[in-house]
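**Q** Each residue of the sequence shown is one higher than the one before, starting from 22 at the first, in our numbering.
The hints are simulated quantities; they were obtained by calculation from the structure and are not laboratory data.
Every residue gets a Cβ at the ideal spot worked out from N, C-alpha and C, and that includes glycine.
Ranges of calculated distance between the beta carbons of each label pair, as one might list FRET restraints:
1) 57 / 354: 43 to 53 angstroms
2) 51 / 301: 52 to 62 angstroms
3) 300 / 174: 53 to 63 angstroms
4) 31 / 327: 42 to 52 angstroms
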Amino acid sequence: MISVPDSSMSAIDDAVRAAMSKLACRALPRGASALALIDAATRAAAGGKRFRPALVVAAFEAFGGDADSTPGLWDVAAAFELLHTAFVIHDDLIDRDTERRGEPNVGGTFRARARAHGIDEPEAGRIGDAAAVLAGDILLYEATRLVAMADVPAAVRSALFSLLDDAVLVSALGELADVEQAMTPDEPDTAHLLSTAHDKTAVYSFCAPLAAGAALAGADEGDRALLIAAGADLGLAFQLVDDLIGTFGDEKQAGRISGADLREAKRTPLIALARDSAAWPQVSTALALAPTGPVAIQAAQRELDASGARERLVTLIGHTLGSVRRRIAELPDPPRTLIEDITTAIEGRIP
22 MISVPDSSMS AIDDAVRAAM SKLACRALPR GASALALIDA ATRAAAGGKR FRPALVVAAF
82 EAFGGDADST PGLWDVAAAF ELLHTAFVIH DDLIDRDTER RGEPNVGGTF RARARAHGID
142 EPEAGRIGDA AAVLAGDILL YEATRLVAMA DVPAAVRSAL FSLLDDAVLV SALGELADVE
202 QAMTPDEPDT AHLLSTAHDK TAVYSFCAPL AAGAALAGAD EGDRALLIAA GADLGLAFQL
262 VDDLIGTFGD EKQAGRISGA DLREAKRTPL IALARDSAAW PQVSTALALA PTGPVAIQAA
322 QRELDASGAR ERLVTLIGHT LGSVRRRIAE LPDPPRTLIE DITTAIEGRI P
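My request is simple: use the sequences and hints to build the entire structure.
**A** Here's what the structure looks like:
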């Protein structure tokens, strides 16, 4: 979605590896379980697109930051990657997933480890769940430690902690709202679903990384506030596009079976928009059958499309990204170009 030099991506990777290596060294005298936990967390943090730390670096460079004179840049960027990894580990636990990218995640690794030691279910499951909680907790603290120890001026550190505070709190509350909305017998309305979509993604994935990079480069509070406001809209649009991909995207785009959100009966703003339409009785019947197989998923896709919900959501995404473009009119260039490029990239993901 954004492009940063290969040298910057390598520096981010180096900072992530250095943080995890320090954790491994500290765990070494604690025994096999401690080492296994850090190893599983390290694998969770490996690979990935490094989107959030790349945003930190891109914003830093857009505001004229000099990496050679700002050694703390890489630790702060790595902190956002570890924050993301912690959220992913906890999210897998909440969703009761034991795999990530086709491989055992932290919980799955420790379930298998427990079974290999002769422990039966559900005890092995409890151990896996505990490992996921604790690995995520360790990475949350490590992200905080990286910011606390980064070589940056005190005023910048204060700004970074304010951003990190919001990222953790808002994302956690958004995840809780998402779980509650999935479990409640009452159908959540569109406004609440949109608020949850924003809270789960926007602050930690867009607002905070962009503003952090700007702060490291010495951008003033006014420009940082514009970035945070634009990031809120970018994050919401990004999540809404993900909802479309999860419903209508092909297997290559979604990274899983087409219509997976329908199979899992997820409550998304797309479904809420369909519920507000005159076609809801037909859509509701099709959605109820969607978990039964590919043919039923295709039928639900057709009914959703015919209801106008898809078109309305695409329109909402367009309005949200239009708001981004209006906000960034006051930004200097090249930061304005950076946000415009991200906006265009989000548009390009619409299935």
